[in-house]
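S.K.: The chain contents come next:
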Amino acid sequence: MAKLGALAEIVGGELVGDPDLEVNRVAPIDQAEEGDITFLANPKYLKKLGDCRASAVILPPGIEAPVTAGIVHRNPYLAFAKILTALTCRRPESRGIMAGSYVSPSASLGAGVTIHPGCVVGDNVTLGDGVLLYPNVVLYEGVVVGANSLLHAGVVVRERCRIGNNVIIQPSAVIGGDGFGFAPDGETYCKIPQVGIVVIEDDVEIGAAACIDRATLGVTRIGKGSKIDNLVQIAHNVVIGENTVIVSQVGISGSTEVGRHCTFGGQAGVAGHLKIGDNVMIGARGGVSGNLEPNQILSGAPVMPHRHFLKVATTLTKLPEMRKELNQLQGRLQELERLLAAKE
Amino acid sequence: MAKLGALAEIVGGELVGDPDLEVNRVAPIDQAEEGDITFLANPKYLKKLGDCRASAVILPPGIEAPVTAGIVHRNPYLAFAKILTALTCRRPESRGIMAGSYVSPSASLGAGVTIHPGCVVGDNVTLGDGVLLYPNVVLYEGVVVGANSLLHAGVVVRERCRIGNNVIIQPSAVIGGDGFGFAPDGETYCKIPQVGIVVIEDDVEIGAAACIDRATLGVTRIGKGSKIDNLVQIAHNVVIGENTVIVSQVGISGSTEVGRHCTFGGQAGVAGHLKIGDNVMIGARGGVSGNLEPNQILSGAPVMPHRHFLKVATTLTKLPEMRKELNQLQGRLQELERLLAAKE
Amino acid sequence: MAKLGALAEIVGGELVGDPDLEVNRVAPIDQAEEGDITFLANPKYLKKLGDCRASAVILPPGIEAPVTAGIVHRNPYLAFAKILTALTCRRPESRGIMAGSYVSPSASLGAGVTIHPGCVVGDNVTLGDGVLLYPNVVLYEGVVVGANSLLHAGVVVRERCRIGNNVIIQPSAVIGGDGFGFAPDGETYCKIPQVGIVVIEDDVEIGAAACIDRATLGVTRIGKGSKIDNLVQIAHNVVIGENTVIVSQVGISGSTEVGRHCTFGGQAGVAGHLKIGDNVMIGARGGVSGNLEPNQILSGAPVMPHRHFLKVATTLTKLPEMRKELNQLQGRLQELERLLAAKE
Numbered sequence: 001m002a003k004l005g006a007l008a009e010i011v012g013g014e015l016v017g018d019p020d021l022e023v024n025r026v027a028p029i030d031q032a033e034e035g036d037i038t039f040l041a042n043p044k045y046l047k048k049l050g051d052c053r054a055s056a057v058i059l060p061p062g063i064e065a066p067v068t069a070g071i072v073h074r075n076p077y078l079a080f081a082k083i084l085t086a087l088t089c090r091r092p093e094s095r096g097i098m099a100g101s102y103v104s105p106s107a108s109l110g111a112g113v114t115i116h117p118g119c120v121v122g123d124n125v126t127l128g129d130g131v132l133l134y135p136n137v138v139l140y141e142g143v144v145v146g147a148n149s150l151l152h153a154g155v156v157v158r159e160r161c162r163i164g165n166n167v168i169i170q171p172s173a174v175i176g177g178d179g180f181g182f183a184p185d186g187e188t189y190c191k192i193p194q195v196g197i198v199v200i201e202d203d204v205e206i207g208a209a210a211c212i213d214r215a216t217l218g219v220t221r222i223g224k225g226s227k228i229d230n231l232v233q234i235a236h237n238v239v240i241g242e243n244t245v246i247v248s249q250v251g252i253s254g255s256t257e258v259g260r261h262c263t264f265g266g267q268a269g270v271a272g273h274l275k276i277g278d279n280v281m282i283g284a285r286g287g288v289s290g291n292l293e294p295n296q297i298l299s300g301a302p303v304m305p306h307r308h309f310l311k312v313a314t315t316l317t318k319l320p321e322m323r324k325e326l327n328q329l330q331g332r333l334q335e336l337e338r339l340l341a342a343k344e
Numbered sequence: 001m002a003k004l005g006a007l008a009e010i011v012g013g014e015l016v017g018d019p020d021l022e023v024n025r026v027a028p029i030d031q032a033e034e035g036d037i038t039f040l041a042n043p044k045y046l047k048k049l050g051d052c053r054a055s056a057v058i059l060p061p062g063i064e065a066p067v068t069a070g071i072v073h074r075n076p077y078l079a080f081a082k083i084l085t086a087l088t089c090r091r092p093e094s095r096g097i098m099a100g101s102y103v104s105p106s107a108s109l110g111a112g113v114t115i116h117p118g119c120v121v122g123d124n125v126t127l128g129d130g131v132l133l134y135p136n137v138v139l140y141e142g143v144v145v146g147a148n149s150l151l152h153a154g155v156v157v158r159e160r161c162r163i164g165n166n167v168i169i170q171p172s173a174v175i176g177g178d179g180f181g182f183a184p185d186g187e188t189y190c191k192i193p194q195v196g197i198v199v200i201e202d203d204v205e206i207g208a209a210a211c212i213d214r215a216t217l218g219v220t221r222i223g224k225g226s227k228i229d230n231l232v233q234i235a236h237n238v239v240i241g242e243n244t245v246i247v248s249q250v251g252i253s254g255s256t257e258v259g260r261h262c263t264f265g266g267q268a269g270v271a272g273h274l275k276i277g278d279n280v281m282i283g284a285r286g287g288v289s290g291n292l293e294p295n296q297i298l299s300g301a302p303v304m305p306h307r308h309f310l311k312v313a314t315t316l317t318k319l320p321e322m323r324k325e326l327n328q329l330q331g332r333l334q335e336l337e338r339l340l341a342a343k344e
Numbered sequence: 001m002a003k004l005g006a007l008a009e010i011v012g013g014e015l016v017g018d019p020d021l022e023v024n025r026v027a028p029i030d031q032a033e034e035g036d037i038t039f040l041a042n043p044k045y046l047k048k049l050g051d052c053r054a055s056a057v058i059l060p061p062g063i064e065a066p067v068t069a070g071i072v073h074r075n076p077y078l079a080f081a082k083i084l085t086a087l088t089c090r091r092p093e094s095r096g097i098m099a100g101s102y103v104s105p106s107a108s109l110g111a112g113v114t115i116h117p118g119c120v121v122g123d124n125v126t127l128g129d130g131v132l133l134y135p136n137v138v139l140y141e142g143v144v145v146g147a148n149s150l151l152h153a154g155v156v157v158r159e160r161c162r163i164g165n166n167v168i169i170q171p172s173a174v175i176g177g178d179g180f181g182f183a184p185d186g187e188t189y190c191k192i193p194q195v196g197i198v199v200i201e202d203d204v205e206i207g208a209a210a211c212i213d214r215a216t217l218g219v220t221r222i223g224k225g226s227k228i229d230n231l232v233q234i235a236h237n238v239v240i241g242e243n244t245v246i247v248s249q250v251g252i253s254g255s256t257e258v259g260r261h262c263t264f265g266g267q268a269g270v271a272g273h274l275k276i277g278d279n280v281m282i283g284a285r286g287g288v289s290g291n292l293e294p295n296q297i298l299s300g301a302p303v304m305p306h307r308h309f310l311k312v313a314t315t316l317t318k319l320p321e322m323r324k325e326l327n328q329l330q331g332r333l334q335e336l337e338r339l340l341a342a343k344e
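Residue numbers (the working numbering), protein chains in the order written: chain F, 1 to 344; chain B, 1 to 344; chain G, 1 to 344.
Read the hints as simulated data drawn from the structure, not as lab findings. The beta-carbon is built from N, C-alpha and C at its ideal position, and this holds for glycine as well. Be aware that a few hints might be false.
Looking from chain G toward chain B, a few residues come up when the C-beta cut is under 10 Å (computed) [to be verified]: (1) Ala6; (2) Gly118; (3) Cys119; (4) Asn136; (5) Arg158; (6) Val174; (7) Phe182; (8) Ala183; (9) Asp213; (10) Leu231; (11) Gly269; (12) Ser289; (13) Gly300; (14) Phe309; (15) Thr314.
Label-pair distances were calculated between CB atoms; the ranges are [stated by the list, open to error]: (16) Arg53(B) <-> Val219(F): 19 to 27 Å; (17) Pro302(F) <-> Met98(G): 47 to 55 Å; (18) Arg91(F) <-> Thr188(B): 15 to 23 Å; (19) Glu337(G) <-> Pro302(F): 36 to 44 Å; (20) Gln31(G) <-> Pro184(F): 19 to 27 Å; (21) Gly50(F) <-> Pro92(B): 35 to 43 Å; (22) Asp129(B) <-> Val219(G): 30 to 38 Å.
Next comes chain F alone, as it looks inside the complex (with noise of 0.2 Å):
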């Protein structure tokens, strides 16, 4: 529960009406009952507001919309995410190293650590404060976890590899297994051992069960407040930049270097070795093949300019109808090649 004024303050945006009003719980505009605060992404949703129940809304500049209290501001979508933080958001107390753990003597824990039954902290490891890891999460040796990272239950961290502070990993990721590198002999394969390590830069979110693999020399990394869904896979020896965000299913091949700021929709596929520049979005699915420019938005497989793509995928469907009618002019034509050489 928060007063409408300290949530006003809390997001930089201006308050409509009581400050004093009591906001319970953050509710989408036609679930919102009284005491809720509800929020109005898109001006589309606004004669949803008549009907609505909620008790504050938070709302864009400019909008002509019958509310007595709220909250302006220029981008609701994120007034709304920190309202729910505000509202939710209160991490647990530290609860030590419980019964049931196993913790290397020679690890070394920051204040306000927690770990809890199941955990594996292996030797030397170092957890920076306020670590706080959820049961089975095992840290191989030589592991560091910066300040305030969370690592949820089954999450695996394997030797030496770093993770940077305020980093969210959901359960049962993986991060540092093997990258798959085997050097073929013959009709058999020769395993080529994986000794770098992956780091994970602060602020960064890790989804379930997915994958980053260690670099096989060197450094698989993950920049700075970069954003990862479930199941994707990041290979040996990639380069991620900041604030880059890759949706679920996505595979990205060894030693390809992503830049900062792109985007990459779900089941999209990278192969190895590429470039991609800063600021590129791959709509999902796109399967990138060749080095990309910065600044572009690209989809289909392989990728090209996604409003070429949406052209190409309609046209797709009308292939057949294409060789038929390919035919049939084939034939018209031949008619008329006969006709003009049986005038010659």
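Assemble chains B and G onto chain F, guided by the hints.
M.R.: Coordinates of chains B and G only, in the frame set by chain F:
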């Protein structure tokens, strides 16, 4: 081991031959030995019956076959499933709370539960009668698991999610990880807390390493009787109807609603905020980017009627040839135009 | 640390320079420093050798290079792998059954096994000599793991599955989850018990969060020396031949048989009940929906010869243009037909 007559009764089929015949095992037609029961799901394998050493056969009505013992059933494949269940599935006896598991004192446990070593059962968790948790299952606070549900090793269910009765979850599936929601704030992203839950209804099966994300607000729901394969991604606020089948590596994006009795082939993908009607069947790799009316069979990306897709796929391989033909036609046409112009 | 002469002997290469030269590390050509050995896998990087600070170089025969110390080897990449192994891979000493692990009294353990905290080793499990289980590995009853195999944290192997010798399994892989088999019973589905097993032969590597499902009846088999990457799905009753390589996020559907020495690029998909011959190479994203003869390089969906696929992919982006040209041709042809008709 069971008697043929008893098996016929279990499946509701018509007994052929000696009801006291002992059946030990179910085996495929070409591997069956004496003491086995086999099944003829497809009449085209009828001739294999001649060499088959099985002691009994499950077969559809109206088949002329040299069978002296067996069961006639309208759906031999279903009868096979039920007989295999009768012969092989013996639920292990309850072993209670085993040493090496961690169960919160505030958890409420039904009769006959089994909690293997390494499990962590959080505060205020409720387990129905007969729940079976294999090793290293983690249930966060407030989780509810219905009667007779079976969670395999390494499954994680996050806070407050609700699992129905008779649910089976394969190893390392993640239920209730945070949805992938971030509000852009200039170059960086602000995490949107994911405070909703996941509800898995009765009789659902979830595959290994599948990920079902919790809702931002509200509920991500998997309808009664639905079956979800390994490595499937179900995003936040998705609603899946009853008896829908989702094959491995499919991804369904946020807030999409899927109807009853749909089927998604492997590696299919569905965009967010869509409505898919009942009885829709999407082929492997199908890409769904718009709403879909019920009762359709679709394939391709973008999806199109399956029969049309087969034509498109065939024509696709002829594209370079079509490109060449188009060029030739253009040449021939130009020549004709030239000829005609010369004649004017 | 090792001496250059000893390394030349290990890889079976020809020594250049001082056999007593000390080598500490393997490093890429542009990162190598004094004391390092580097490798020239591709002659096109020859000119980089001028600036390279490495103390020794692995290079192919017949190269004119200013190298005073190194190893000449017909396959520098293979030699690199072997030298990296020699310099970095020291198997940890056996630590026995560590506190916090749960080993059934009926399990049979070879000499020199290590069982980390949080592991659960079920009834009648057999571990060969030198088996290494990292934390939180779960082996259900009756599992067999061959000598010197290494299972990383969180791996789950379900009942009765058999893992060969010298197998490496990356974190959180799931071996022996139930195959996805359900018999339709009107609107609902009846689970088909999956009572077969998985057999992983010697020298296989399995990636993080990969899923290899147990057979319905019989065996799902991964042939000797095969390498399977992260997040791959192998369905029930699949048989993979020897030395086949399957890159990340590939899915292979039920009962398909894959030959020896095949390669599947990332995100490829294979339908069920197919036979793929030996030495077949499928490009990334390839979609296989029919049987395949041996000794082919294929790409695309549906797969086609790789060189043809490259043409198709290029032409695909020109589809809207082709559609437009077709329309224009039609117009021009109509005009010609009109002209000719007018002349009759």
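S.K.: Decide, hint by hint, whether the structure agrees.
M.R.: Hints, one by one, checked against the model:
A least Cβ separation of about 42 Å between Ala6(G) and chain B goes past the 10 Å threshold, and the interface hint is therefore violated. Interface restraint check for Gly118(G): the shortest CB-CB distance to chain B comes to about 6 Å, inside 10 Å, so the restraint holds. Contact between Cys119(G) and chain B, as hinted, is supported at the beta carbon level, the nearest pair being about 8 Å apart and thus within 10 Å. With a least beta-carbon distance of about 6 Å to chain B, the hint placing Asn136(G) at the interface is held under the 10 Å criterion.
Among the interface hints, the one on Arg158(G) holds; its C-beta lies about 7 Å from the nearest C-beta in chain B, closer than the 10 Å criterion. At its closest, the beta carbon of Val174(G) sits 4 Å from a beta carbon of chain B; the interface hint therefore holds under the 10 Å criterion. Taking 10 Å as the C-beta cut-off, the interface hint given for Phe182(G) holds, the closest approach to chain B being about 6 Å. For Ala183(G), the interface hint holds, since its Cβ comes within 10 Å of a Cβ in chain B; the closest pair sits about 4 Å apart.
Given hint, Asp213(G) at the interface with chain B, holds; its Cβ is 7 Å from that chain's nearest Cβ, closer than 10 Å. For Leu231(G), the shortest C-beta to C-beta distance to chain B is roughly 6 Å, which falls under 10 Å, so the interface hint holds. The beta carbon of Gly269(G) is positioned within 10 Å of a beta carbon in chain B (closest approach about 5 Å), and the interface hint is therefore held. A hinted interface residue such as Ser289(G) counts as satisfied when its beta carbon comes closer than 10 Å to some beta carbon of chain B; here the least separation is about 8 Å, so the hint holds.
The beta carbon of Gly300(G) is positioned within 10 Å of a beta carbon in chain B (closest approach about 8 Å), and the interface hint is therefore held. With 10 Å as the threshold, the beta carbon of Phe309(G) comes within range of chain B, its nearest partner Cβ sitting at about 9 Å, so the hint holds. Hint on Thr314(G) holds. Least Cβ distance to chain B is approximately 8 Å, under the 10 Å limit. Checked against the hint of 19 to 27 Å, the C-beta distance between Arg53(B) and Val219(F) comes to roughly 60 Å, which is inconsistent with it.
Between Pro302(F) and Met98(G) the beta carbons are some 51 Å apart, a value that agrees with the proposed interval 47 to 55 Å. For the hinted restraint 15 to 23 Å between Arg91(F) and Thr188(B), the CB-CB distance of approximately 21 Å keeps it satisfied. For Glu337(G) and Pro302(F), the hinted distance range of 36 to 44 Å is satisfied, since their beta carbons lie about 39 Å from each other. Between Gln31(G) and Pro184(F) the beta carbon distance is about 24 Å. The supplied range of 19 to 27 Å therefore holds.
Judged by the Cβ atoms, the range 35 to 43 Å given for Gly50(F) and Pro92(B) is violated: they are separated by roughly 58 Å. In this structure, Asp129(B) and Val219(G) meet the distance hint of 30 to 38 Å, their C-beta atoms being roughly 35 Å apart.
Of the numbered hints listed earlier, those contradicted by the structure are 1, 16 and 21.
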